[in-house]
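Number of protein chains: 2
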Amino acid sequence: MEKDVRIIEVKRSIFENNDKDAERLRAELKEKRVFLLNLMSSPGSGKTTTLLALARALEGRIKMGVMEADIDSAVDAEKMAEAGVKSIQIHTGGMCHLDADMTRQGLYEFGMEDAELIVLENVGNLVCPAEFDTGAVKNMTILSVPEGDDKPLKYPLMYEKCDLLVVNKTDVLPYFDFDRKKVEEYAKRRNPDIEILYISAKTGEGIGELADWIVEQARAWRA
Amino acid sequence: MEKDVRIIEVKRSIFENNDKDAERLRAELKEKRVFLLNLMSSPGSGKTTTLLALARALEGRIKMGVMEADIDSAVDAEKMAEAGVKSIQIHTGGMCHLDADMTRQGLYEFGMEDAELIVLENVGNLVCPAEFDTGAVKNMTILSVPEGDDKPLKYPLMYEKCDLLVVNKTDVLPYFDFDRKKVEEYAKRRNPDIEILYISAKTGEGIGELADWIVEQARAWRA
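Taken in sequence, the protein lines are chains A and B. Each residue of the first sequence is one higher than the one before, starting from 1483 at the first, in this note's numbering. Each residue of the second sequence is one higher than the one before, starting from 1483 at the first, in this note's numbering.
Since the hints were made in silico from the structure, they are not lab data. Just so you know, not all the hints are guaranteed correct.
Which copy is meant is left open, so a pair is good if it fits within one copy or across any two.
Here are the simulated lysine-lysine pairs, BS3-like style, with alpha carbons at most 30 Å apart [stated by the list, open to error]: (1) Lys1561 with Lys1664; (2) Lys1561 with Lys1514; (3) Lys1493 with Lys1643; (4) Lys1684 with Lys1663; (5) Lys1664 with Lys1643; (6) Lys1502 with Lys1684; (7) Lys1684 with Lys1670; (8) Lys1664 with Lys1684; (9) Lys1643 with Lys1561; (10) Lys1643 with Lys1568; (11) Lys1568 with Lys1670; (12) Lys1664 with Lys1620; (13) Lys1502 with Lys1561; (14) Lys1663 with Lys1561; (15) Lys1670 with Lys1561; (16) Lys1545 with Lys1512; (17) Lys1561 with Lys1620.
With the hints as extra help, turn the sequences into a complete structure.
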């Protein structure tokens, strides 16, 4: 089952002040010119499929790596490795989120020397990951159409903390009651500055725009 | 926005040993002949829609009430109230789960006098709610088809703790890669005794069987 994938069991953070530790990690990323993107969502919203589509779209534009965080299994890192994307699997030891020190453990194991863009695929969870600054430069959340347009009402902090909301699975819009105007209104109520993109990781719709957004953000950070 | 819905802000538990406290609550439920069912899932898997369909199917068979737990908003309890189901909204104060004492606070506010079946709709989250015994008699989890068949691999404790796995949104099976054999194999790997039912809360498929399962469990408990 577990192919040639590196699995890291991260340890619980020893730092009391995660916010300060996250600032330290961001400073280190700045110095090393690594753009770290923290990707959060519910389980099953399509994080891994989106990253696979992005890896194709970003080829030749930016060197991308992925850290897959899960409580158990290595299915996501295996998919990445099969697609030729440099990746590691982080196991959180049952924890529902990653903090800055856990992220650092992953980054050191991954190796930051020649990375330009590293995506941290956080544990599938709309609550806890939003409460902990991982040290990432930008935060992005995926909401898939089948989950419904009311999620920003129920999970406010996630939308408050994110720079980008990506609505995924637009290919199944005809089969679900999902109101684009409503989701935009609810998300902006939590965070007026949030940017919103629509994609279908399955068909590739909107992946080009998402790739452009990431390249633009990474360029600004690494300048 | 917030119609005629009772909203309870529960307080963090003062009990150190949640497992013991959950046992105490279960004993009280037994004495009062109330069947408490803890319903867990990812955000957007269809918990509320399933409960609305169940309310119709259970009418005249058992007196059902619902406690909706969310971090914010009252959209779920409002939907229940509109459908004529006795319900309250529990706000967790940012917490990602409910423990036994928080559940007790909800139950006392709801009133257990003439209740036969109370469903606790837990916070949408596959991680934390599985870690805390709420005092419920049975635990049930919903996995919706769009989330994918690999969830039991990634969120093992949820499937270990649940008596029943309900696979929802079977009406969209043609549009997603979802393997029934795989999900059954993965779920039973975590918990050989787990029962599995397939439903579409939208079309009503399988709701009768689910209603029968609940009535049967409630009857055994209240005997």
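Outcome of the hint check:
no.	hint	in the structure
1	Lys1561 with Lys1664	between (34 Å within a copy, 17 Å between copies)
2	Lys1561 with Lys1514	within (28 Å within a copy, 51 Å between copies)
3	Lys1493 with Lys1643	both (25 Å within a copy, 25 Å between copies)
4	Lys1684 with Lys1663	both (23 Å within a copy, 23 Å between copies)
5	Lys1664 with Lys1643	within (19 Å within a copy, 35 Å between copies)
6	Lys1502 with Lys1684	neither (39 Å within a copy, 47 Å between copies)
7	Lys1684 with Lys1670	both (26 Å within a copy, 29 Å between copies)
8	Lys1664 with Lys1684	both (24 Å within a copy, 21 Å between copies)
9	Lys1643 with Lys1561	both (28 Å within a copy, 28 Å between copies)
10	Lys1643 with Lys1568	within (27 Å within a copy, 35 Å between copies)
11	Lys1568 with Lys1670	neither (35 Å within a copy, 32 Å between copies)
12	Lys1664 with Lys1620	within (24 Å within a copy, 35 Å between copies)
13	Lys1502 with Lys1561	neither (34 Å within a copy, 42 Å between copies)
14	Lys1663 with Lys1561	between (34 Å within a copy, 20 Å between copies)
15	Lys1670 with Lys1561	between (34 Å within a copy, 23 Å between copies)
16	Lys1545 with Lys1512	within (16 Å within a copy, 60 Å between copies)
17	Lys1561 with Lys1620	within (24 Å within a copy, 35 Å between copies)
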